Amino acid sequence: MNSKELIIGGRRFGSRLFAGTGKFQSNAVMEAAIKASGTEMVTVAMKRVDMLDPQADDMLHHVSAAHIQLLPNTSGVRNAEEAVLAARLAREAFGTNFIKLEIHPDPKYLFPDPVETLKATEVLAKDGFVVLPYIQTDPVLCKRLEDAGTAAVMPLAAPIGTNKGLVTRELLSIIIEESNVPVVVDAGLGAPSHAAEAMEMGADAVLVNTAIAVAGDPVAMADAFRMAVIAGRQAYEAGLGGVCRSAQASSPLTSFLD
Amino acid sequence: MFSEELKQYDWDATTAAIASKTAADVERALRKERPGIDDFMALISPAAAPYLEAMAARSRALTQKRFGKVISMYIPLYITNSCTNACVYCGFNRHNAFRRVILTPPQIADECEAIRRLGPFENLLLVTGENPVAAGTEYLEKALQVCRPYFNNLSIEVMPLSAEDYRRLTLSGLNGVVCFQETYHRERYNVYHPAGQKADFEWRVNGFDRMGQAGVHKIGMGVLIGLEDWRTDVTMMARHLLYLRKHYWQTRYSINFPRMRPSESGFQPNVVMSDRELAQLTFAFRIFDNDVDISVSTRERPVFRNNIATLGATSMSAGSRTEPGGYHTYPQALEQFSVSDDRSPAEVAEAIRAAGYEAVWKDWDKIFD
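Going down the list, the sequences are from chains S and F.
Read in order, the letters of the first sequence correspond to residues 1 to 258 in my numbering.
Read in order, the letters of the second sequence correspond to residues 1001 to 1369 in my numbering.
Result set (SDA-like, lysine to any residue): computed pairs, CA atoms no more than 20 Å apart in a straight line:
1. S:Lys108 x S:Gln136
2. F:Lys1218 x S:Phe111
3. F:Lys1246 x S:Pro159
4. F:Lys1065 x S:Asp106
5. F:Lys1246 x S:Phe111
6. F:Lys1218 x F:Lys1366
7. S:Lys164 x F:Arg1031
8. S:Lys4 x S:Ser173
9. S:Lys164 x F:Arg1034
10. F:Lys1366 x S:Leu60
11. F:Lys1218 x S:Leu110
Heads up, incomplete: computed chain F residues facing chain S, CB under 10 Å, no partners named:
12. Gly1068
13. Asn1153
14. Gly1215
15. Lys1366
One side only, chain F facing chain S, incomplete, derived with CB under 7 Å:
16. Lys1065
17. Gln1250
18. Arg1252
19. Trp1364
By construction, these hints were calculated from the structure, which means they are not laboratory data.
Values in this document were obtained by computation on a predicted structure and should not be read as measured data.
We put the beta carbon where it would ideally sit given N, CA and C, even for glycine.
With the rest of the complex left out, here is chain F (with noise of 0.2 Å):
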């Protein structure tokens, strides 16, 4: 499991190592075929700043070569905003008094029409908050059940679950499973989700390990930037992933790196992580990994995504709502983040067309399930 071999990381002794890089040390990154993880560190630290450019240019090469000019189109459907957890930053957060939904199969069937008449999407990520008695597995399987006839590629964004509860879900049609670890920091990791099952570090870190145990297609990761400095953990992410590829080596991996913005109420990020220094990370991320999926969903602003779906990224939502039965259902109740990107999905695709590459909708058949 995961959570062993991270025993062997120090934080602290890995934020010095990436402050401590040098310019030398980034055009050394730059020259290699095979860049490692002492490059990536490398590639992200303040020293490669300057080379932006280069880093741009060679993440846009490598991304053509392995995924071609195109992008991958994905919508989420909340389901459920209830929650047992108490994230300090998230507006799911069981101490916030509001109207908790937990959509109905016939309803979720009713997202799933008013999803088909929003665009021409294959791909859906089904996502709840964490409640395990509520809306656990059982839940989990009628959903999917539900929006099978729909899209091709089912995924689910939820509390992480056993290895035989990822199984039972494969046979649902349950493609890929995207879970944050949000952070690496173990000690810090409890001070930002203090209660419920997330509180339990150990579980969420190895949740990884039980997909791949189950042989789930895809596993999605991401750390969530504006807890920790993003640095140290986008760095321990890298290493889980390449423990990842390593023992499960016929599983396809995405990432995203979703940044908390300063809002006038509410948690305030501890770090803000500037376009620049996005940039920076989806670059060097692709330059370390040719072959990951790197997804950057609509929280950022349309022209960050018309331009770095060019340069890196490889699959992106449109059209999204945050809100359980968003779509139809409940249009008005509470969102979990707010969107920077409104567009229509015909318009985040043309704008994908303008600039030279093809919004994908459809790249993989339920019959490979």
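Here chain S stands alone, though its shape is the one from the complex (with noise of 0.2 Å):
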């Protein structure tokens, strides 16, 4: 989308880089981390909160705090019609109506349902909620979500948790060209190089959680994301020379034309 500043769902974010909670080993180091990374984007797995009494949970107490929104995830759920009611409870227990929209009913690599995330998007978008699905790399679908009202497109750049980087680079770019809502890099990001690259592509934002959560100092490498992020915005606004893979002959082909 590329606009100077990032607005979803009427709300600017100055950080471009958003957070998870998961796989920390402490909620304290989670804590720490969050602030180094200078996100003001945390997401949180339903399934890992007090649903009946969100206030009274001990890991929301280290997340919460006035310059973060908190995007409350569907993790868990197999279909659109699971996906809307626990999107609908998110809403009453957290008091927002951004979700992160999560479908994936294979649980080995947890790769996103297009079909069952674009029926979701649909009725969530509808009923007033900010949606943001996660979802494969694949510009069709981000245009037909476009159609269903998504506030934006997490596309993934490879499957989660692997680290592997930008692997599905080519789709990511055309995704980036194309569309009208902002685009966050979501799943596979393993380095703050890959953050930095994804940025540079055009990506309006990055989410990142494990490559953060089990590094060997999580705040410090919270802290190389949040850095990689604003080196990768800054290049991309800056505009990149692009890359030329031939030499330019000195004598030009086309100097008979002068």
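Build the complex from these two chains, which are given one at a time in their own frames, with help from the hints.
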């Protein structure tokens, strides 16, 4: 989408790094890492939180801050019907209409189901939700989600948790070029260089969890990702020189036209 | 059904193939990004014993990447020791004379409350003997309904049921089913399980298909280490897991390696697995299957559990009582097996924390059922 400011659901985000809350060795380390990342959007799995009394939930205590938009995710649901129900409960429990739609019926690779995701987005967008769907890197699906009223698209860079980087680069670049909503590259980014590369390509934001949570020093890694995202974005805005695949002939082929 | 596929795997040929693995096979397996069943056989073989350290490092890295630095906590609740089987190694054997108990719904509620006082558990495993008449599907249905308000995630470890019965129980909040095949050796199976419904090998081994067909969220598998050659048995289980993943791709899977120890009386294990071998098996399984949940119960000693928590295991029980009513109603009744880790849930969680990991009590919400 590539607008100067990142605005999703009417809210402006100063940081283009979104963070996750899973896999950390303790809530204290998670809180410190979130702080170091500079993020303003943090996703939380509903299944990990006390949904009956979120105010009393220990993990949420470590995440909640005025500058942070909580992004409840529906991880665990297997179809559109369950996702819609979960999203409505999340709206009540968390007091936000932001929802990260994750429908992955395949628990091994956690690949999102495109059919169910589209169905759920149609329902939730009409119901006033700010929908951020986690999806396959499929340019046509992105356009269909736009039609359905999605607030952003979150295509995967590589299978979730693999740290493999921009495996889907060719498709991502098409999505970024064509999208009318913010493109948040989600899943598979394993190193700050991967995040920088996604930002250089023109992604509007990236979401990182595993690479920070299981790093030797998660707080230092969160800071490294913060800087990488800023650098990548700045490089994108500055206009990269582009790569030339052949040498420029010193006697140009068209000199006879001079 | 898996019983059909199982016919193509010859027990003795599998045993021989594992025994013939060499150091070169192990090194090749460790180099592969996606090791297959042959590689798994190399990694559990005696030839892999010198590679334990490298396997531990690989297993730890893979587990951290997929699951993070967390251990999911659960607790078993035995609701009956009534059993119509005659398994030669089991304390619940119908020929053993002791007081049989089938907890009533109010007693089950008392147990749930006692467990909640013990620790912030959200994952409950309901366990029974196998008595389809006196403690069958209807009884389990009631038990699940009683437990439902107390816990977010309910699993059962009971006799294999029909697909229809599994479906029926999911309506009462059933999320996971654990069932141990005990051994995949078709002929020897009946030596250990001479009577009752459990004597029917096919019914048991195809129970996993029925769980998959019923859409059970999570399936737990295991072989009882101490009956037949454990390397051959876990290879058969790995093949079974591959089969299930291909057929029931929406299901999550967990495995467990319960091992029998020599005891002063009663059934003596035919094979004894050392701590080193159990560690090797855990690492090998993690390298073979990055995604499977590996559960370690209180059968194992604290020192082993504290260390395996960061090397491949992903879920653990704590504070377990293995007798029905053991938390509140009948603290003195007969247990199915003796626990080796009697630390409190808080002590186990603290040991996990000291290892740089977090004990996670809630990782599911009943709204997803």
